[in-house]
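*Asks:* Work out the full structure, taking the sequences as your base and the hints as a guide.
2 protein chains.
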Amino acid sequence: MQIVIIGSGNVAYHMAKAFTQKGIPLTQIFGRNEKELNKISEELNIPYSTENLEDADLYIICVSDHSVEKVSKIITKKNCLVAHTSGSLPKEILAGEYRKASFYPLQTFSKSKELDYEKIPFFIETENENDKKVLFELASEISKNVMESNHEKRKYIHLTAVFACNFVNHLFSRAKEISDSQDIPFDYFLPLIDETVQKIYEIEPKLAQTGPAVRNDVRVLQLHEQLLKGESLDIYKVMNHSIQKMYEL
Amino acid sequence: MQIVIIGSGNVAYHMAKAFTQKGIPLTQIFGRNEKELNKISEELNIPYSTENLEDADLYIICVSDHSVEKVSKIITKKNCLVAHTSGSLPKEILAGEYRKASFYPLQTFSKSKELDYEKIPFFIETENENDKKVLFELASEISKNVMESNHEKRKYIHLTAVFACNFVNHLFSRAKEISDSQDIPFDYFLPLIDETVQKIYEIEPKLAQTGPAVRNDVRVLQLHEQLLKGESLDIYKVMNHSIQKMYEL
Chain Z
1 MQIVIIGSGN VAYHMAKAFT QKGIPLTQIF GRNEKELNKI SEELNIPYST
51 ENLEDADLYI ICVSDHSVEK VSKIITKKNC LVAHTSGSLP KEILAGEYRK
101 ASFYPLQTFS KSKELDYEKI PFFIETENEN DKKVLFELAS EISKNVMESN
151 HEKRKYIHLT AVFACNFVNH LFSRAKEISD SQDIPFDYFL PLIDETVQKI
201 YEIEPKLAQT GPAVRNDVRV LQLHEQLLKG ESLDIYKVMN HSIQKMYEL
Chain P
1 MQIVIIGSGN VAYHMAKAFT QKGIPLTQIF GRNEKELNKI SEELNIPYST
51 ENLEDADLYI ICVSDHSVEK VSKIITKKNC LVAHTSGSLP KEILAGEYRK
101 ASFYPLQTFS KSKELDYEKI PFFIETENEN DKKVLFELAS EISKNVMESN
151 HEKRKYIHLT AVFACNFVNH LFSRAKEISD SQDIPFDYFL PLIDETVQKI
201 YEIEPKLAQT GPAVRNDVRV LQLHEQLLKG ESLDIYKVMN HSIQKMYEL
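So the sequences go chain by chain: Z and P. Per UniProt numbering, the first sequence runs over residues 1 to 249. Per UniProt numbering, the second sequence runs over residues 1 to 249.
It is worth saying that the hints were derived from the structure and are not from the lab. Some hints here could point you the wrong way.
The list treats identical chains as interchangeable, and a pair is accepted whether it falls inside one copy or across any two copies.
To be verified - Computed cross-link-like contacts, EDC-like style, restricted to lysine to aspartate or glutamate with a CA-CA straight-line distance of at most 16 Å:
1. K119 / E195
2. K153 / D183
3. K39 / D187
4. K132 / D57
5. K229 / E92
6. K153 / E54
7. K206 / E177
8. K119 / D194
9. K113 / E204
10. K78 / E204
11. K206 / E152
12. K73 / E92
13. K153 / E177
14. K22 / E141
15. K206 / D187
*Replies:* Right, dumping it as structure tokens:
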């Protein structure tokens, strides 16, 4: 099977790397950003182009959500399968006469961070059984965790991921801003952060909640509000309100 | 040195366990909740009482912030050292004529979750050099990470911990609420959550931010708002606003 990856960002890079590591040859990596494509091409030994899209059986589009539709029109071939990697788009956004699919890896990708691809859940949606079989087999080469998911479910998977990953990372950013402001090394907090995550492997997060809000410790809540301002204060208030609502305090 | 732990909650239990594991004998565990004290006493083989506080050189008060002052008055002895374990109280809240100290373990404690005490940072504040030496030596038996910290700094350490731990756990609760609502197993998200944390060991959280807000993906942000309501919607809006402010989007 001839496979082409379209895109040069974090997802494109890691998808290309995941396939290459498993010995699955890629026909081409195609995109606009020549500098990035060149880097990926050199590291992973895959031909690249910014102009001539190679003929393939499967095109995997790894670009930002708002570019998927436009990019999907580049593929003029009809007898092929085209999959996007977005968590929030329907497969019907793909605007060609080919067979359409979704191939969604549930992970946070940064180019500079190595990943264990085996643990990444893949969610697949296709138009027919044969394409499903093809994408399941392909994803199973990379990951131990391959599932089917329609667009409706995928939207909620993506939304959950925003809370459990994107927002969590932003809390780390705001936390570090606070500790930096007092010259407290953020490293102090890493064991606490590790434990916060390890806990949810054993205890429901709702039962693992600690801190002043769930104790309804009004004195500490007020003290903290005096130490904060701007967006961090907004976050502090909304999170505490949400905690207290959840526990009916 | 005779040591008494006061309290029967999560912190009291883990402090007692940490000392016991290192072969440091505890004279007594003292508190109000006989059922909990009895459980801890049986597991760790420490005498307990709800009525008669034993004579000791060091009392470590492990109770909720709002009870520390009241509980500290139980200790009528003068020639002894009394430490509380609160992140947000000054040592002067301790209301006796003894020497006062703070002995703050930066960790999230749940009784049912085992902990590696060696990794817990301890922050110590005392009235004099000798007490400091005593508490440093004691904490160093448990942990590899013992530091001095005055009340001002401790307040900010605690506040940072609320963002990096308590709020993060609450995001997991809200995330699970969303995935549960669609019968999506929360286990799917564990590799993503692990990676979110592993990333900050290598990349500044501010540089590791991914997701629709930092991409300013208005279509996805609007779609997600339609899927949410109540406190989760409030969190969604505040977090995205804060992300966009941080990156000046």
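*Asks:* Taking the hints in turn, state whether each one holds.
*Replies:* Comparing the hints with the structure gives:
1. K119 / E195: Result: close only across copies, 10 Å inter versus 20 Å intra.
2. K153 / D183: Between copies only: 9 Å across chains, 44 Å inside a chain, cut-off 16 Å.
3. K39 / D187: Neither: 32 Å inside a chain and 35 Å across chains, both beyond 16 Å.
4. K132 / D57: Result: close within a single copy only, 14 Å intra versus 70 Å inter.
5. K229 / E92: neither (44 Å within a copy, 27 Å between copies)
6. K153 / E54: neither (33 Å within a copy, 60 Å between copies)
7. K206 / E177: Answer is between; shortest inter-copy Cα gap is 9 Å, intra-copy 27 Å.
8. K119 / D194: Cα proximity of K119 and D194: across copies only (10 Å, versus 18 Å in one copy).
9. K113 / E204: Classified as between; 12 Å across copies, 29 Å inside a copy.
10. K78 / E204: Neither: 48 Å inside a chain and 44 Å across chains, both beyond 16 Å.
11. K206 / E152: neither (26 Å within a copy, 31 Å between copies)
12. K73 / E92: within (12 Å within a copy, 70 Å between copies)
13. K153 / E177: between (35 Å within a copy, 14 Å between copies)
14. K22 / E141: within (7 Å within a copy, 47 Å between copies)
15. K206 / D187: between (26 Å within a copy, 15 Å between copies)
Consistency with the previously given hints fails for numbers 3, 5, 6, 10 and 11, ordered from lowest to highest.
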